[in-house]
Amino acid sequence: MSGFRTLLYKEVLRFWKVAIQTVAAPVVTALLYLLIFSHVLENRVEINNVRYTAFLVPGLIMMSVLQNAFANSSSSLIGAKMNGSLIFVLLPPISYGEFFLAYVGAAMLRGMMVGLGVLLVTAWFAPLQFVAPWWILAFALIGGGIMGSLGMIAGIWAEKFDQLSAFQNFLILPLTMLSGVFYSIHSLPPFWQRVSHLNPFFYLIDGLRYGFFGVSDVSPLISLAVSGLAFLVVGAWTLALLRKGYKLRY
Amino acid sequence: MSVAVSIQRVAKRFGSVQALDGVCLEIGEGEFFGLLGPNGAGKTTLISCLAGLVRPDSGQIGVKGFDVQDDYRQARRQLGVVPQELVFDPFFTVRETLRIQSGYFGLRRNDDWIDEILENLDLAAKAETNMRRLSGGMKRRVLVAQALVHRPPVIVLDEPTAGVDVELRQGLWQFVRRLNGDGHTVILTTHYLEEAEALCERIAMLKQGRVVALDSTRNLLERFSVHKLSLRAEALERLPEAITRRASFCEGYLNFHLGHVDEVEPLLAAIRQAGCPIREMRMNATDLEDVFIEVMRGQDESLAEEAGDVR
Ligand SMILES: Nc1ncnc2c1ncn2[C@@H]1O[C@H](COP(=O)(O)OP(=O)(O)O)[C@@H](O)[C@H]1O
Ligand SMILES: [Mg+2]
Chain A
1 MSGFRTLLYK EVLRFWKVAI QTVAAPVVTA LLYLLIFSHV LENRVEINNV RYTAFLVPGL
61 IMMSVLQNAF ANSSSSLIGA KMNGSLIFVL LPPISYGEFF LAYVGAAMLR GMMVGLGVLL
121 VTAWFAPLQF VAPWWILAFA LIGGGIMGSL GMIAGIWAEK FDQLSAFQNF LILPLTMLSG
181 VFYSIHSLPP FWQRVSHLNP FFYLIDGLRY GFFGVSDVSP LISLAVSGLA FLVVGAWTLA
241 LLRKGYKLRY
Chain B
1001 MSVAVSIQRV AKRFGSVQAL DGVCLEIGEG EFFGLLGPNG AGKTTLISCL AGLVRPDSGQ
1061 IGVKGFDVQD DYRQARRQLG VVPQELVFDP FFTVRETLRI QSGYFGLRRN DDWIDEILEN
1121 LDLAAKAETN MRRLSGGMKR RVLVAQALVH RPPVIVLDEP TAGVDVELRQ GLWQFVRRLN
1181 GDGHTVILTT HYLEEAEALC ERIAMLKQGR VVALDSTRNL LERFSVHKLS LRAEALERLP
1241 EAITRRASFC EGYLNFHLGH VDEVEPLLAA IRQAGCPIRE MRMNATDLED VFIEVMRGQD
1301 ESLAEEAGDV R
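Chain order of the listed sequences is A and B.
In terms of the working numbering, the first sequence opens at residue 1 and continues consecutively.
In terms of the working numbering, the second sequence opens at residue 1001 and continues consecutively.
No false leads were mixed into what you were given.
Capping the alpha-carbon separation at 27 Å, the derived lysine-lysine pairs in DSS-like fashion look like this: (1) A/247 to A/160; (2) B/1139 to A/17; (3) A/160 to A/244; (4) A/160 to A/17; (5) A/81 to A/244; (6) A/160 to A/81; (7) B/1064 to A/244; (8) A/81 to A/247; (9) B/1126 to B/1139; (10) B/1139 to A/81; (11) A/17 to B/1126; (12) A/81 to B/1126; (13) B/1139 to A/160; (14) A/81 to A/17; (15) B/1139 to A/247.
Because the hints were derived from the structure by calculation, they are not lab data.
Chain A extracted, bound-state conformation (with noise of 0.2 Å):
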C-alpha cells in the first residue's frame, strides 16, 4: 500500500502548495455570496424557523465542499495528462484502487478543508447550531468522494481544458447550484420541487443542512440512502474506467 501513500501524499502536495489559490480563494468565494444574498435576504426569508442567513451557510459549505473535490480530481488528472506527467503515476506499481483511493481521498480532503474554512469565516456573520455533528460530518465526506469520483471521470474523458469546463460549468455548476443551496425547495412550485428531487445533490445539501438544524425538506435517512447509493454507483463507475485503462492505458 505504500504506493498509495505517496500518491496520496502527492496529490495533497500537489494542492497545499497552492493553497491561497485552491483552498484560500474558495473560501472567500463563497464568503461573498453570504455577505450578498444575506445583505438582500435576511430581513425577508425565513426558513424552517431558521434565519436567512444561517440557512445559506450549510448550502454555501456543502457547494464548496462538491465544488473543490471536483476542481482538485480533474484539474490534477487533466493537467498530468496534458503535460504528460501522468506517466510517472503509471509506471509504477501501482494498482486501480490504490489509484482511485488517493486521487478521491485528496479531492475529499481539499473539500472538507474548504468546507471547514467556509464554516470559520461563516461564523461571524450566522450563529449556527451543530444538532447532528456526525451527519454533518457524513454528508460533507460523501459528498467530496462523489465530487472526486466525478472529477477522476471528467480527468479522465476530457482531452482538453476546455472540454473540462464544459462539463464544470454545463453540468456541475447547475447541478449545485439548483440543489437548494440558496434557497428551500419549497418555495418553489410543485414541478420544480419534483425535478429537484432527482436532482442527488439536494440530498446532500438537505442532509447536511439536517446536521446543522435538525430540520430538513426529506429525512435524512433518505438523503443518506440517496447521497451512498450516488457514491456507489460513481464510484463503481471510476473504478471500471481506471480498470480497463479508459484513456489512460491504450
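With chain A's structure known, arrange chain B with the ligands on it following the hints.
This is chain B with the ligands only, laid out in the frame that chain A set:
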C-alpha cells in the same frame, strides 16, 4: 544466459496503423540491447507495451518471468523506463520528484541512493530546484534519475539523447555503461547509429512494426560488409558502361559499393585503362548506418514483392 525480457508475437493496431505486427524478441540478462528503426517503426509502442502503458491486441510480454499484464506489480518493479518525451511535473523540485517516485515503488527512505544518482548525473547542484526552472538537458537527466530510483534490473531508454548536448551524452553513456557493468540489462533506442554501434552488443531493427534484422552488432556489420570507394576522376565520359553501371554519382564523386577489398584493384585498373586519371580517392569501412540503410532498403523490396508491386 537467462532471459530478462521476453516478447512473443506482440501485435498492436491504432486505427488503421499496424504499429506492431507480431514482434518476437528475447533479451538476455545483462545485455546491452539496441532497438533501431525509422520514425514510426513502432519502437516507442513496443516499449510502452513492455511498460504496461499500451495494451497489445495479442501476444505475451514477460519481464524477468513476470507477465506485464497478469503480474504487473512484479513486472513493473523490474523495469525503469526513460520516456521519449521530455515530461515533468512542474509542481515539484528535483528531490521531491525523486522521493515521490521512490514512494510509488514502496521505498520510503531512499535518499542515499537518490544522492548517488544525482551525483552521477551531475544533478546534485540542482536538487532543490523546481523542475520548471531546469534546462531541457537537465530535465532529461531527471527523467533518467526517475527511472533508476528503484534500482530496476532492466533499464529502458527511449531516445534519451535526442536533442541533448554532447557533454551530457558522454556522461550519460558512462553512467549507463557502468550500470550495465553492474549487471543491469539495458534496452536502448536511438537515432544516433554510431551510439548504438559503440554501445549495443545486440541489435534489433524494426520497420513498420516488424523485426527486420536481429543479430549481434558484430555479425550485422560483417553480414553487410561493403566497402565504400569514392573517387574523383577526369574525362569521365570515356568510362565504359560496364563501370558506370556499378557506380553512383554524387557531388562530383563516383561511389562504388564493393563486397570485398579484393575488388578494389581490378576496378582502379579498369578506370585507368579507360583513360580517366584519378585525382582523389577514399575508402570507408561499413558502419551501422550502412547496415541500417541496407536493411531498410532490402525490406522495402521484399515488402513490395509481397504486395505484387515489382518494378
Ligand atoms: N496513441 C497512439 N494513437 C494512434 N497512433 C499511434 C499512437 N501511438 C503510436 N501511434 C502510431 O504507431 C506507429 C508507431 O509509432 P511509434 O511506436 O511512436 O514509433 P517510433 O517510436 O518507432 O518512432 C506510428 O505510425 C504512430 O503514428
Ligand atoms: Mg519513438
